[in-house]
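Colleague: Sequences are here, hints too, so could you generate the full structure?
The listed protein sequences correspond, in order, to chains H and A. In terms of the working numbering, the first sequence opens at residue 1 and continues consecutively. In terms of the working numbering, the second sequence opens at residue 158 and continues consecutively.
Read the hints as simulated data drawn from the structure, not as lab findings. A virtual CB, placed ideally from N, CA and C, is assigned to each residue, including glycine. Keep in mind that the hints are not guaranteed to be accurate.
[What the hints assert, rightly or not] Derived CB-CB ranges, DEER-like:
| # | chain 1 | residue 1 | chain 2 | residue 2 | range |
| --- | --- | --- | --- | --- | --- |
| 1 | A | E186 | H | E97 | 44 to 54 Å |
| 2 | A | D276 | H | D119 | 13 to 23 Å |
| 3 | H | N48 | A | T279 | 20 to 30 Å |
| 4 | H | L145 | A | D276 | 19 to 29 Å |
| 5 | A | D184 | H | R100 | 40 to 50 Å |
| 6 | H | R100 | A | K297 | 24 to 34 Å |
| 7 | A | P259 | H | A61 | 33 to 43 Å |
| 8 | A | R257 | H | E112 | 35 to 45 Å |
| 9 | A | E254 | H | K148 | 45 to 55 Å |
[Said to hold, decoys possible] SDA-like cross-link-like pairs, simulated, lysine to any residue; straight-line CA separation at most 20 Å:
| # | chain 1 | residue 1 | chain 2 | residue 2 |
| --- | --- | --- | --- | --- |
| 10 | A | K305 | H | E112 |
| 11 | A | K297 | H | R15 |
| 12 | A | K245 | A | S226 |
| 13 | H | K128 | A | E269 |
| 14 | H | K140 | A | K288 |
| 15 | H | K131 | H | R15 |
| 16 | A | K305 | H | F32 |
| 17 | H | K131 | A | R165 |
| 18 | A | K288 | H | T122 |
| 19 | H | K131 | A | A176 |
| 20 | H | K140 | A | W267 |
Protein chains: 2
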Amino acid sequence: MDKLDVARQFGLLNRRSQAFIANACADMEIAFSECVLLLNLYHRAGINQENMSAILFIDKAATTRTIKSLEKKGFIKREQSDEDKRVKKLYLTQKGEATREPIFAILQRWMEFLSEGMDRETFDTVLKGLKIIAERASSKEFYALCGKEEDERGGTL
Amino acid sequence: MDKLDVARQFGLLNRRSQAFIANACADMEIAFSECVLLLNLYHRAGINQENMSAILFIDKAATTRTIKSLEKKGFIKREQSDEDKRVKKLYLTQKGEATREPIFAILQRWMEFLSEGMDRETFDTVLKGLKIIAERASSKEFYALCGKEEDERGGTL
Chain H
1 MDKLDVARQF GLLNRRSQAF IANACADMEI AFSECVLLLN LYHRAGINQE NMSAILFIDK
61 AATTRTIKSL EKKGFIKREQ SDEDKRVKKL YLTQKGEATR EPIFAILQRW MEFLSEGMDR
121 ETFDTVLKGL KIIAERASSK EFYALCGKEE DERGGTL
Chain A
158 MDKLDVARQF GLLNRRSQAF IANACADMEI AFSECVLLLN LYHRAGINQE NMSAILFIDK
218 AATTRTIKSL EKKGFIKREQ SDEDKRVKKL YLTQKGEATR EPIFAILQRW MEFLSEGMDR
278 ETFDTVLKGL KIIAERASSK EFYALCGKEE DERGGTL
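Modeller: Structure representation (structure tokens):
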């Protein structure tokens, strides 16, 4: 039974992570979805919007909203690609770059909170396993399991 | 960096679990939130609405909506408590009881899908760890971490 309750745990951890991060980032005027996008942009300067949407695993419309909001607040800038004028590449501004350390510190605090009382080795195993099952959940095999064709927009069923 | 991306993984696993379960339960006309409630009622016959809300970790209004929907569809029934007339206790109907095996089978399939290619021992460690960190995330200490008073309604920040 306990094993089958995992869906509830994903929901709970998702809600609590969002609540903690949103609360901690409020002073910087960064929303949860914006924080996740920044986190994925720190080491992917020049990524285009489409690939960012695929990485975040949210649909393009939601990704565009988050990008526009971050741009308006001055954290990121969009530049036209030299190779393809239709493609916009994403870069951090100086203000965006300055969020790196505080955001890392916030996430570090969250991880430390979650892992308190658990030995480091076990926590590392849990994180590695979580990454593997998250990759599995976002794989193409998911659609076969659901008996559906893959979503053309890039996988948000 | 990878470690800090765990918030995205919780979100992804939450969305995919919901999508899979909703899709698999559609034939029974059971929504995702209803499935999670049933799952927690199978071994808690007679639980009252308030405690169910606390277990599900969603607010009372959302719990009430799910309960009313399940009652309307004939899966559960509410009975007045003998001790306190204001309290409603929840029970499965025969139709609700009949969902137990198919829902367990659906969740079993999801767990098997997620764990494919991972050895059983590692997967068990991940599930146990997940349970521990979910409990930690839903503990009272969470509010202190956020620098807030505990939510009186029972903990949905």
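Colleague: Would you mind marking each hint as holding or not holding in the structure?
Modeller: Do the hints match the structure? See the list:
Against the hinted window of 44 to 54 Å, the Cβ-Cβ separation of E186 (chain A) and E97 (chain H) comes to about 51 Å, which satisfies the hint. Hint check: D276 (chain A) to D119 (chain H), Cβ distance near 20 Å, so the stated range 13 to 23 Å holds. In this structure the supplied range 20 to 30 Å is violated for N48 (chain H) paired with T279 (chain A), their Cβ-Cβ distance being about 36 Å. In this structure, L145 (chain H) and D276 (chain A) meet the distance hint of 19 to 29 Å, their C-beta atoms being roughly 21 Å apart.
Checked against the given bound of 40 to 50 Å, the beta carbons of D184 (chain A) and R100 (chain H), roughly 48 Å apart, stay inside it. Distance hint for R100 (chain H) and K297 (chain A): a CB-CB separation of about 32 Å, consistent with the stated range 24 to 34 Å. For P259 (chain A) and A61 (chain H), the Cβ-Cβ distance of about 35 Å falls inside the hinted range of 33 to 43 Å, so the restraint holds. Taking the beta carbon of each, R257 (chain A) and E112 (chain H) are about 39 Å apart, inside 35 to 45 Å as hinted.
Distance hint check for E254 (chain A) and K148 (chain H): the Cβ-Cβ separation is about 30 Å, which falls outside the suggested range of 45 to 55 Å. Proximity of K305 (chain A) to E112 (chain H) is assessed by CA-CA distance (about 19 Å); at most 20 Å being required, the pair is judged to hold. At most 20 Å may separate the alpha-carbon atoms for a hinted pair to count; K297 (chain A) and R15 (chain H) meet this at roughly 15 Å. Pair hint K245 (chain A) plus S226 (chain A) holds up; C-alpha atoms about 15 Å apart against a cutoff of 20 Å.
Restraint check for K128 (chain H) and E269 (chain A): satisfied, since their Cα atoms lie roughly 18 Å apart, inside the 20 Å limit. Using a Cα cut-off of 20 Å, the hinted pair K140 (chain H) and K288 (chain A) is violated, with the two alpha carbons roughly 27 Å apart. Simply put, K131 (chain H) and R15 (chain H) have alpha-carbon atoms about 18 Å apart, close enough for the 20 Å limit, and the pair holds. With a CA separation close to 18 Å, the supplied pair K305 (chain A) and F32 (chain H) stays within the 20 Å bound.
Our distance criterion of 20 Å between C-alpha atoms is met by K131 (chain H) and R165 (chain A), whose separation comes to about 10 Å. Of the supplied pair hints, the one linking K288 (chain A) and T122 (chain H) holds, its CA atoms being roughly 13 Å apart against a limit of 20 Å. For the suggested pair K131 (chain H) and A176 (chain A), the alpha carbons sit about 19 Å apart, so the restraint of at most 20 Å is met. Straight-line distance between C-alpha atoms of K140 (chain H) and W267 (chain A) comes to about 15 Å, which keeps the hinted pair within the 20 Å bound.
Of the numbered hints listed earlier, those contradicted by the structure are 3, 9, 14.
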